[in-house]
Structures are given as C-alpha cells and as structure tokens.
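Line by line, the protein sequences give chains A and B. FYI, in the numbering used here the residues of the first sequence are 1 to 559. FYI, in the numbering used here the residues of the second sequence are 1 to 114.
Check the hints yourself; a few may be wrong.
Stated by the list, open to error - Below, in silico cross-link-like pairs of lysine to any residue (SDA-like), each with a Cα-Cα straight-line distance of 25 Å or less:
#1 Lys-418/A / Pro-87/B
#2 Lys-75/B / Arg-174/A
#3 Lys-418/A / Leu-39/B
#4 Lys-58/B / Glu-417/A
#5 Lys-418/A / Ser-90/B
#6 Lys-58/B / Thr-540/A
#7 Lys-79/B / Tyr-118/A
#8 Lys-79/B / Gly-505/A
#9 Lys-79/B / Arg-117/A
#10 Lys-78/B / Asp-539/A
#11 Lys-58/B / Ile-439/A
#12 Lys-416/A / Glu-31/B
#13 Lys-78/B / Pro-120/A
#14 Lys-79/B / Asp-79/A
#15 Lys-375/A / Glu-42/B
#16 Lys-422/A / Leu-71/B
#17 Lys-58/B / Ala-437/A
#18 Lys-375/A / Cys-48/B
#19 Lys-75/B / Leu-425/A
#20 Lys-418/A / Glu-76/B
Quick caveat, the hints were computed from the structure, so don't treat them as lab data.
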Amino acid sequence: MANARRRIRSATFSGLVAGVVAMACTGSSAQTPAPGSEDPNNWPLFHRTANGWRYSPLDQINTGNVKHLHVAWVHQAGDITHGRQETPIVIDGVIYSTSAYNRVMAIDAVTGREIWRYQPKLDPTVNQILFTAYSRGVTVAFGKVFVATLDGRGIALDQRTGKEVWSMQLTDFRNCQGCNFTSPPVVAGSVLTFGSIGGDLNTVGKIYGVEPETGRKLWMFNTIKDDPKSWPGESGKFGGGGAWMPGTYDAESDTVYYGTANAAPDYYGKDREGDNLYTDSVVALDPKTGSLKWHRQEIEHDVWDFDSAYEVLMFKRNGKDLLVHLNKSGFVFVMDKKDGALENVWPLNDTFNFAKGIDPKTGKMIGRVDPPANKASLVCPNLQGARSWNPGAFSPKTGLWYTTPMDLCVEVTPVKEKQDPKDLLSPAFGTQGYRVAKIDGRPAGRLDARDPITGKLKWSVPFDVPSWGSVLATGGGLVFNGDPFGTVKAFDAEDGKELWSFNTGSGLRSGIVSYRANGKQYILVPSGWGSWAATLFNDTFPALANVNAASSLIAFTVD
Amino acid sequence: MRLRLSYQILVLAVANCSFALAASGPASNPEQIQQGRTLFLERGCSHCHGHDGTSGVKLAGRDDLTPDYVLSTIKEGKKSGGRVMPPWGSILSDGEIQALVAYLMSIQNAQNPP
Chain A
1 MANARRRIRS ATFSGLVAGV VAMACTGSSA QTPAPGSEDP NNWPLFHRTA NGWRYSPLDQ
61 INTGNVKHLH VAWVHQAGDI THGRQETPIV IDGVIYSTSA YNRVMAIDAV TGREIWRYQP
121 KLDPTVNQIL FTAYSRGVTV AFGKVFVATL DGRGIALDQR TGKEVWSMQL TDFRNCQGCN
181 FTSPPVVAGS VLTFGSIGGD LNTVGKIYGV EPETGRKLWM FNTIKDDPKS WPGESGKFGG
241 GGAWMPGTYD AESDTVYYGT ANAAPDYYGK DREGDNLYTD SVVALDPKTG SLKWHRQEIE
301 HDVWDFDSAY EVLMFKRNGK DLLVHLNKSG FVFVMDKKDG ALENVWPLND TFNFAKGIDP
361 KTGKMIGRVD PPANKASLVC PNLQGARSWN PGAFSPKTGL WYTTPMDLCV EVTPVKEKQD
421 PKDLLSPAFG TQGYRVAKID GRPAGRLDAR DPITGKLKWS VPFDVPSWGS VLATGGGLVF
481 NGDPFGTVKA FDAEDGKELW SFNTGSGLRS GIVSYRANGK QYILVPSGWG SWAATLFNDT
541 FPALANVNAA SSLIAFTVD
Chain B
1 MRLRLSYQIL VLAVANCSFA LAASGPASNP EQIQQGRTLF LERGCSHCHG HDGTSGVKLA
61 GRDDLTPDYV LSTIKEGKKS GGRVMPPWGS ILSDGEIQAL VAYLMSIQNA QNPP
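My request is simple: use the sequences and hints to build the entire structure.
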C-alpha cells in the first residue's frame with residue numbers, strides 16, 4: 001500500500017498535455033499516428049483524452065491473444081444500489097473509482113486492493129429524489145480527487161489519502177426538485193466545471209465554474225435563457241435543461257463544450273411555446289468566466305425528451321477542427337469548433353418519426369410531429385433516445401466511431417402536470433406513463449462502426465437487447481462492449497467479429513477502460529446493473545427483470 | 001353474566017372485522033379506488049410502473065401483494081437488488097396512501113384495470 005501511495009501523483013499536467021498534443025496532430029483521422037495516444041499507460045480523464053475518443057493505444061492485448069484474456073482480480077464496492085455506472089480513472093497504477101452514494105475508492109491497479117475509501121455524509125433527501133445513488137465517475141487533478149455529489153455539492157479529496165479538503169454546496173438542492181450531479185466535473189484549464197441535472201425536473205439547470213483549490217464558485221451559466229420570446233410567461237422558471245454528462249475541454253481554444261439537457265416538461269410543451277434556449281444545445285463556454293462563446297440548438301422546442309447531453313468528440317479533418325455530437329434524437333451534428341458552423345448532420349437510425357428529418361446544411365428540423373396532448377401516441381426514438389448516455393469510442397487506427405444505437409419507440413400521453421420544485425417526487429416528465437415498443441423487423445440494439453463525419457456504416461452487429469454500456473477502442477485492434485445481462489465482449493475493430501467474451505454476473509452500464517501497470521496491460525470492467533434502464537425496459541425485455549445488481553470492478557489481463 | 005359475555009363476544013367480533021378490513025384493504029370503496037387511480041397518475045407512479053401498473057416494475061395482476069406490504073412499501077420505500085423506490089411517507093397523507101393501496105389492490109389479477 002505504501003508503494004501505491006507513492007505512485008499517486010497529480011494527473012493535471014499529463015492529462016492537459018495529452019489533450020493539447022492530441023489536437024496539435026494533423027491529417028486525416030485514419031492515416032496518421034493517432035492523436036490521443038499520449039500518456040498511454042493511464043486513463044486520466046473521463047474519455048481518456050480531451051478529444052472524447054475513449055481510445056487506449058495499448059496493444060499488448062490484441063486480436064491475436066485476446067482469446068486468452070482472463071481475470072486478474074475483482075474488487076467489490078459493497079452497496080449495489082443502482083449498480084455501477086462509472087468510468088474509472090487510472091493514474092500511475094492507482095484506480096480512482098466511485099460507487100453508490102458517492103463512495104470513492106483508491107484501488108491498487110495491479111492487485112485490486114483498496115488503498116483508501118471515502119464516503120460523504122449526504123443530505124438524507126437524496127433518498128427521496130429521482131436521480132439518486134449513482135455517479136458516473138470522479139475527476140483527478142491538481143493533487144485532488146473531485147466528486148460531484150448527489151446532494152448538489154462539489155467535494156475535493158486529497159489524492160494520496162482520500163481526506164476531505166473542501167466541500168461546497170453548488171445547487172439549491174432542496175428547492176430545485178433535487179437538482180444534483182450524477183457525472184464528474186471537468187478540468188477546464190485552471191477551472192473546474194460542474195454540469196447539473198435539470199431536464200426532467202421542474203427546475204432551471206446550470207453549469208458551474210469552481211476554483212479547484214478552494215471550491216469557491218466562480219461563475220454560473222444558466223442553461224435557461226432569460227428571454228420571454230424563448231420562454232413565454234413563467235415557463236422559464238421550470239425550463240429544465242442543465243448538463244448532466246461531462247463536457248469536453250479544448251485547451252487549444254480554451255473552450256469548454258457542454259451538451260445541455262432537454263426542456264421541461266419533457267413531452268408537454270404547450271406552456272413553453274418558444275424555442276426554449278439553451279436546452280437541447282451544444283454550448284461553448286469560456287471556462288474563466290462562464291460566458292457563452294456560441295451555441296447550436298439541435299432540437300428547437302423539444303417535446304420528445306431529446307437531450308443534447310451526450311459526449312462531444314473533437315476531430316481534425318481536411319484542415320478543419322470539428323466537433324461531432326450525438327443528440328438523443330439520433331441525429332449526429334458535425335460542427336466547426338470555433339463557432340458551431342454546421343458541416344453535416346446525419347442520422348444514426350432511420351426509424352425516427354418525430355420529424356421528417358433535419359436539414360444537413362442548416363440543422364433545421366423538417367416536418368416536426370409534436371405528440372398531441374392528452375392522447376397516446378408513438379414517438380420514435382424512445383425516451384432514452386436512439387442511444388442512451390453510454391459513450392461510444394473512436395479508433396484513429398480504423399477511423400471508425402463505435403457506438404451502440406437502439407431502435408425502440410415509446411408510447412406517451414402528454415399531459416399538463418403541476419410544477420412544484422419542492423415536490424421532490426413529481427418530476428417534469430409531462431406524460432402519463434410510458435410504454436416502450438420494439439420496431440418490427442429491426443434488432444432492438446446494435447454495435448455500429450461508422451465514419452463519425454459522414455455516418456457511413458462499415459459494419460454492424462445486431463443485439464436482441466440493446467447495450468447500455470460504453471464502448472472502448474484499443475490500439476490492439478479491439479472494441480470492448482458489454483450487455484445488460486453481464487457479458488462483456490471483445491470485437492475485432494475491423495469487421496466486428498466477436499473474439500472473446502466473459503460473463504461478469506451482472507449487467508454493464510459503465511465505462512470499460514484500459515491501462516498499463518507494472519508493464520502489463522489490463523482491461524477494467526465495472527459491472528453492476530442499475531439506472532433507469534433497469535426499470536423502464538423490463539416489460540419490453542422481460543429477462544432484464546431477472547438481472548441481479550452488483551457493484552464490481554473486474555480487471556482482465558493476458559499472461 | 002350471559003349478556004355481558006355476549007356483549008364481549010360481539011365487541012370482539014366487531015374488532016376482528018375492523019382489523020380484517022384494514023388488512024385486506026378497502027377494496028369495496030369505489031370512490032377511494034378512483035382517488036388512488038388519480039394519485040397514481042398525478043404523482044408519477046406511472047413513470048416506473050406504467051399508466052395501468054402493467055409495465056416497468058409491474059404492479060397489476062400479481063398474486064403476492066398484500067395491503068400491508070403495499071402500504072409499508074409506499075410509506076417507507078424499498079430497495080430491491082439495485083433498484084430503489086423512494087419513500088412517500090413524508091410526502092403523501094395517510095388518506096392518500098390508503099387510496100393508493102385501495103387502487104393497487106383493485107388491479108390484482110385484473111384483466112382490465114380501471
């Protein structure tokens with residue numbers, strides 16, 4: 001354990017350098033040495049590198065030997081509430097991991113033994129809110145481990161010891177229907193940014209800029225624009241929004257990009273007849289001040305719960321600096337990173353019915369079909385979108401983006417509901433229940449390999465039940481992904497052939513990562529079924545009801 | 001003496017009857033069931049359990065639910081495996097919880113819930 005403590009060091013410098021050098025590399029994404037290959041032994045950021053690729057250049061585990069991949073160790077967190085939804089951070093042989101109720105653990109990456117553990121004392125109200133128990137990770141930088149909590153705080157821990165350094169209340173947790181954080185903060189230069197929940201609540205979601213040394217709140221960006229044309233009457237008071245997945249920081253332009261959540265109430269838009277900015281948008285913020293550099297709203301006046309909260313990827317293609325961003329509608333927006341100018345828009349699925357389409361040149365919706373109030377109607381894609389929040393991965397070796405769409409619709413009945421931010425258990429869904437429906441003749445889920453800029457499909461593996469797990473791409477030519485029943489698989493990145501699988505015993509709703517420690521490469525799989533996917537889809541896929549929850553970290557390696 | 005004993009037996013019988021009503025739920029009160037149905041939809045229970053209790057975590061058409069179990073689960077919440085149902089005891093009144101119990105008991109083994 002003493003050796004492990006000595007290995008702990010700040011990730012800030014290495015993580016930021018990785019991001020800057022990655023962006024300095026030029027050329028097409030499939031031909032040149034891969035950007036994002038820096039700091040190859042570690043997984044220091046949520047998506048490993050600042051460009052959002054979830055790519056590990058390690059190739060000790062590869063298509064030739066992955067069939068020999070075996071368990072090295074297992075760590076159990078104990079509390080299985082809502083399973084394990086994190087993407088762990090790994091720096092210099094230490095894993096920084098989080099499990100239910102914001103427990104944080106530092107774990108030896110070679111042995112799986114715990115180095116230290118921290119459990120915050122959370123506001124007991126966390127047991128009465130909608131988005132509770134789970135977190136998608138922690139952030140390690142400046143010699144600290146930063147936690148964004150279920151009761152709306154930012155907490156800093158000493159990286160070596162796990163002792164609390166500061167704790168700062170950021171959201172008005174008890175008065176905003178439990179608006180909190182379920183994802184880790186982002187290191188944006190010298191500022192830490194936190195994106196709050198908002199979209200399904202009667203609240204106003206915000207993004208916060210915080211001083212890492214002290215937790216002092218530096219600025220707050222309101223994702224609900226103060227504009228009566230955008231939000232008529234009182235509708236802006238309960239506009240939803242927020243940014244509940246980690247943003248992407250570009251050191252080159254000193255910009256932090258966030259995808260914002262949907263407008264509230266989700267399916268009932270009659271009282272907010274305006275464009276509802278800045279919900280369903282990519283916003284580009286100055287991290288020092290929180291000022292808005294530009295925005296692109298992907299879904300205007302959203303009445304289908306089509307958040308823009310998902311990952312923002314960065315690419316250089318033909319001399320342009322591009323962002324690639326999937327909206328929950330299934331449409332992927334390709335934009336210029338400096339001003340959001342549109343390069344392309346392409347659909348992940350062709351089974352949508354909320355509109356005739358989105359113009360790839362203007363980004364405008366064509367022929368929108370709003371679900372009628374007080375009547376049941378079918379909306380495609382479903383309430384979790386053409387893909388859920390589980391990020392995809394890009395491999396610079398193949399030039400392909402690997403992601404797990406689902407082809408499902410949902411029956412909703414939009415209704416007017418009361419809006420009271422103090423009523424913790426009556427969120428702003430704006431519908432009388434849900435019924436998820438399969439689409440005839442279509443696999444419910446897939447793993448697709450596509451060009452991220454054009455959407456051109458290279459290969460696709462169908463699934464009977466969608467995957468809700470994140471994807472990992474590696475320099476060994478492998479793509480890793482897991483299913484809700486617990487099977488983690490390795491696919492050949494070139495053609496999708498399944499090369500290896502392992503039953504972890506509980507479903508995958510997490511980020512698989514890879515690292516090297518003591519000269520050995522590991523694949524680290526957080527396993528434990530949970531999240532809203534574990535509740536809302538049981539009648540569509542009855543076998544999901546029998547998946548046991550867990551909260552495990554499983555490390556695999558080859559000899 | 002016999003009258004007093006009879007009276008005692010009668011009181012006991014009435015008390016047992018009342019206890020039996022509380023345990024089995026006020027299934028015969030259509031107004032209370034309708035109130036429970038309205039609450040089920042208005043309070044968002046339908047988000048996890050479907051608008052008629054037949055989707056998500058299913059409540060309709062079951063054989064295992066009892067009024068006491070339903071009541072305590074609504075009041076105190078429940079963790080089952082990794083899933084969490086929040087406690088409603090401090091948010092809903094006793095009358096509202098009883099109405100929900102009445103509604104939920106009325107849709108057990110029902111083909112066409114109200």
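Here is how each hint holds up against the structure:
1. Lys-418/A / Pro-87/B: Given pair Lys-418/A, Pro-87/B holds - Cα atoms ~20 Å apart, limit 25 Å.
2. Lys-75/B / Arg-174/A: holds (20 Å)
3. Lys-418/A / Leu-39/B: holds (12 Å)
4. Lys-58/B / Glu-417/A: holds (23 Å)
5. Lys-418/A / Ser-90/B: holds (19 Å)
6. Lys-58/B / Thr-540/A: Cα-Cα ~12 Å, so holds.
7. Lys-79/B / Tyr-118/A: holds (23 Å)
8. Lys-79/B / Gly-505/A: holds (20 Å)
9. Lys-79/B / Arg-117/A: Roughly 24 Å separates the two Cα atoms, so the pair holds.
10. Lys-78/B / Asp-539/A: holds (20 Å)
11. Lys-58/B / Ile-439/A: holds (22 Å)
12. Lys-416/A / Glu-31/B: holds (23 Å)
13. Lys-78/B / Pro-120/A: holds (22 Å)
14. Lys-79/B / Asp-79/A: holds (11 Å)
15. Lys-375/A / Glu-42/B: holds (16 Å)
16. Lys-422/A / Leu-71/B: Judged against 25 Å, a Cα distance of about 24 Å means the pair holds.
17. Lys-58/B / Ala-437/A: holds (16 Å)
18. Lys-375/A / Cys-48/B: holds (19 Å)
19. Lys-75/B / Leu-425/A: Holds - the C-alpha atoms of Leu-425/A and Lys-75/B are around 13 Å apart, at most 25 Å.
20. Lys-418/A / Glu-76/B: holds (24 Å)
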